[in-house]
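Engineer: Take a look at the letters that make up each chain.
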Amino acid sequence: MPLLEVKDLKTSFYTRDGVVRAVDGVSFSLEKGETLGIVGESGSGKSVTCYSLMRLIPEPPGRIDGGTAMFDGQDLLQMNEAELRKIRGRRVSMIFQDPMTSLNPYLRISTQLIEPLRLHFDVDKKAALNKAIAALEEVGIPEASSRIHSYPHEFSGGMRQRVMIAMALITEPDLLIADEPTTALDVTVQAQILDIIKKRQEVLGTAVILVTHDLGVVAGNCDKVNVMYGGRMMESGTAEQVFYNAQHPYTRSLQKTIPSLQTKGAELYTIPGLPPDVSKPIHGCAFYPRCPYPKTGAAEGDRPKLVDLGDGHCFADCHFCDSSAPIESVLTTDVPVEDITPAGAAE
Amino acid sequence: MLKFIGKRFLQGILVLIGIYALTFFLVASTPGSPFSSERAMQPEILAQIEAFYGYDKPVGERFLTSVGNILHGDFGPSAVYANRTVTEIIAESFPVSLKLGSISLLVALLLGIPAGILAAVKKNTWLDYVPMSTAMAGICLPTFVMGPLLALVFGLIFAVLPVAGWFGPEFVVLPAATLGLYYAAYFARLTRGGMLEMLNQDFVRTARAKGVPEHMIVWKHCLKGGLIPAITFLGPALAGIISGSFVVETIFQVPGLGQWFVKGALNRDDFLILGLTVLFASLIVLMNLLVDIAQVALNPRLKYD
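Keeping their order, the protein sequence lines are chains A and B.
This note's numbering puts the first residue of the first sequence at 1380, with every later residue one more than the last.
This note's numbering puts the first residue of the second sequence at 133, with every later residue one more than the last.
Quick caveat, the hints were computed from the structure, so don't treat them as lab data.
Fair warning: there could be bad hints in the mix.
Interface residues of chain A toward chain B, partial, derived using beta-carbon atoms under 10 Å [what the hints assert, rightly or not]: (1) Y1430; (2) L1456; (3) Q1457; (4) M1458; (5) N1459; (6) A1461; (7) D1477; (8) V1502; (9) M1543.
Only pairs whose alpha carbons sit at most 20 Å apart, straight line, appear in this in silico PhoX-like list of lysine-lysine [unchecked claim]: (10) A/K1386 x A/K1684; (11) A/K1411 x A/K1578; (12) B/K435 x A/K1504; (13) A/K1389 x A/K1635; (14) B/K352 x A/K1465; (15) B/K356 x B/K435.
Covered by chain A, according to a simulated footprint, are these stretches of chain B (three or more residues, beta-carbon under 8 Å) [as the list claims (entries may be wrong)]: (16) 324-337; (17) 352-363; (18) 422-434.
No experiment lies behind these values; they were computed from the predicted model shown.
Virtual Cβ for every residue (Gly too), placed ideally from N, Cα, C.
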């Protein structure tokens, strides 16, 4: 049984201007200790997927309209507040995009770090504090025993994200959801942060959901990859399948945008057009208006179903049922992963 | 911390000197004098009176003498009420105003802050709408409407509370309620705003993700920051409650300071005006100092310097 199995997750926001279908039928599964990458452009529903799993969607206006998320035999989406509180921070932890605002500026780091321990375990303050100092050392914060009493504003962005990681992992959760953990950070710090997550994951055996819009980050760190677009799944599979045998035109377009694969000096490739407006119902294929191989009729009718190619590699059949479309591979196996990952990440 | 307090204290003294000098020369340059009356007075008698109060000396000298006297705790005689000194008047009525003011402030804080927190936590429910519309009504309703209204209901219709005078604890209730409710409305709205801002911060989401229960999110994570707007208002509120209670004092016949403010100005009682100015200015300076200290204590991003 997988650690987490999400089926047909649907989350919408009921706003005055209409229903925003932020996540529209997302399914995936995750084994213990595995890393799943969720990639997609801004507004593709990556973060909302994560917040839905943690049930952190503000309700109203948000609402989880359907689906199941079986976590170790329990459906996260059906839990009440009390049950959720036992899972949150104990078995499923989360780190956020912006470490500058995600820590409470009015409370000392120590207070915030020991909070999960004090909430979920029967430990006294002193033991919790010792564990917190050890946790800070593990994420590479020097002089942890004195700096733990600082306030967040006395730390840099990278340091704060380290604190967030330490705080999320202090209870040794089964699953860590990292929502764009490096987006708000300096490029030089990004690689370090990913490295810390990876190292802690190896020690603790935590499964990780890594949300990013950086394909390079996914290539270097993930076992499985979900490609999302317009709140829907476009393609999913192992990192290898999605990278070297990309089926969906969107995945390929995304690959084309990786800066390190483009000729130096040339203008960087961007996918023409804009992501779809999910506040309006999308008929047919969500990617159709920007698709380099548009299939006639893809804009109407039913939305493309996920087609299983075997070995867990799935893609939305938006054009390949029409086998006449050209298949040009962007990435081939002779491009090493190191070339895709951001500078420094692979050391 | 001590350095900060010392520095602010000295600044406060400077402000006080400035206010006193300004008031003194404004009063001195106002046409007429405390001793002019409708009846014609013998010039010799007027000269004698003026000599008695020191008005025969030049303004600058009078200023320096008065500053010296104040430093010795002597605010001078009342220029209008014979045989009474300003110090006596203040000593008699300030405790009354202070008592009424602090009880009113307590009412304001004990009602306003919990109401504001509740409204923010239960945003857009009847627990938000009811207290907040009441607060809006409270702000819009002047004390000279609220006071007689309360007097009418509790003094005449139910006849449970006295409506005028200052003799026992029961006499405090109506004036303190009138004054307190008005400021409670302000505190409620400020607290609601402050708490809402905190509850919408990213760190609240982090706390939820850690499994922190809602009541701890409010008390532990949001209260400190959420109270800052209300604390900031505390200084002006106290000054306003004590000096602005003239209306309430008049309605309920409370022998407080507010009446002297008005009487002093109307009678051109120079010494009384100056004495009261010094008193209120010191109060405001002191309150603002306390508020500054409280703010640094609440917000770790501010430092004592």
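Engineer: For each hint, tell me whether it holds in the structure or not.
Structural biologist: So, going through the hints one by one against the coordinates:
1. Contact between A/Y1430 and chain B, as hinted, is supported at the beta carbon level, the nearest pair being about 8 Å apart and thus within 10 Å.
2. Interface hint status for A/L1456: violated, as the beta-carbon distance to the closest one in chain B is roughly 16 Å, over 10 Å.
3. Here the hint on A/Q1457 is broken, as its CB sits about 18 Å from the closest CB of chain B, past 10 Å.
4. The interface hint given for A/M1458 is broken, as the beta carbon of that residue sits about 12 Å from the closest beta carbon of chain B, more than 10 Å.
5. Interface hint status for A/N1459: violated, as the beta-carbon distance to the closest one in chain B is roughly 13 Å, over 10 Å.
6. Interface restraint check for A/A1461: the shortest CB-CB distance to chain B comes to about 9 Å, inside 10 Å, so the restraint holds.
7. Because the closest C-beta pair between A/D1477 and chain B is about 6 Å apart, less than 10 Å, the hint holds.
8. For A/V1502, the interface hint is violated, the least distance from its beta-carbon to any beta-carbon of chain B being 15 Å, above 10 Å.
9. For A/M1543, the suggested interface contact is upheld, since its CB lies about 8 Å from the closest CB of chain B, less than 10 Å.
10. Between the alpha carbons of A/K1386 and A/K1684 the distance comes to roughly 14 Å, so the proposed pair stays at or under 20 Å and holds.
11. For the hint pairing A/K1411 with A/K1578, the CA-to-CA distance comes to about 16 Å; that is within 20 Å, so the pair holds.
12. Between B/K435 and A/K1504 the alpha-carbon distance is near 28 Å, which puts this suggested pair outside the 20 Å criterion.
13. Taking the CA atoms of A/K1389 and A/K1635, the gap is about 29 Å. The hint is violated against a cut of 20 Å.
14. In summary, the hint linking B/K352 to A/K1465 is supported, as the alpha carbons are separated by about 19 Å, within the 20 Å threshold.
15. With a C-alpha separation of about 16 Å, the suggested pairing of B/K356 with B/K435 holds against the 20 Å cut-off.
16. Counting residues of the region 324-337 of chain B whose beta-carbon sits less than 8 Å from any beta-carbon of chain A gives 4, enough to reach three: the coverage restraint holds.
17. Restraint check on the region 352-363 of chain B versus chain A: 4 residues with Cβ-Cβ distances below 8 Å, three needed, restraint holds.
18. Three residues within the 8 Å Cβ limit are the bar, and the region 422-434 of chain B against chain A gives 4, so the coverage statement holds.
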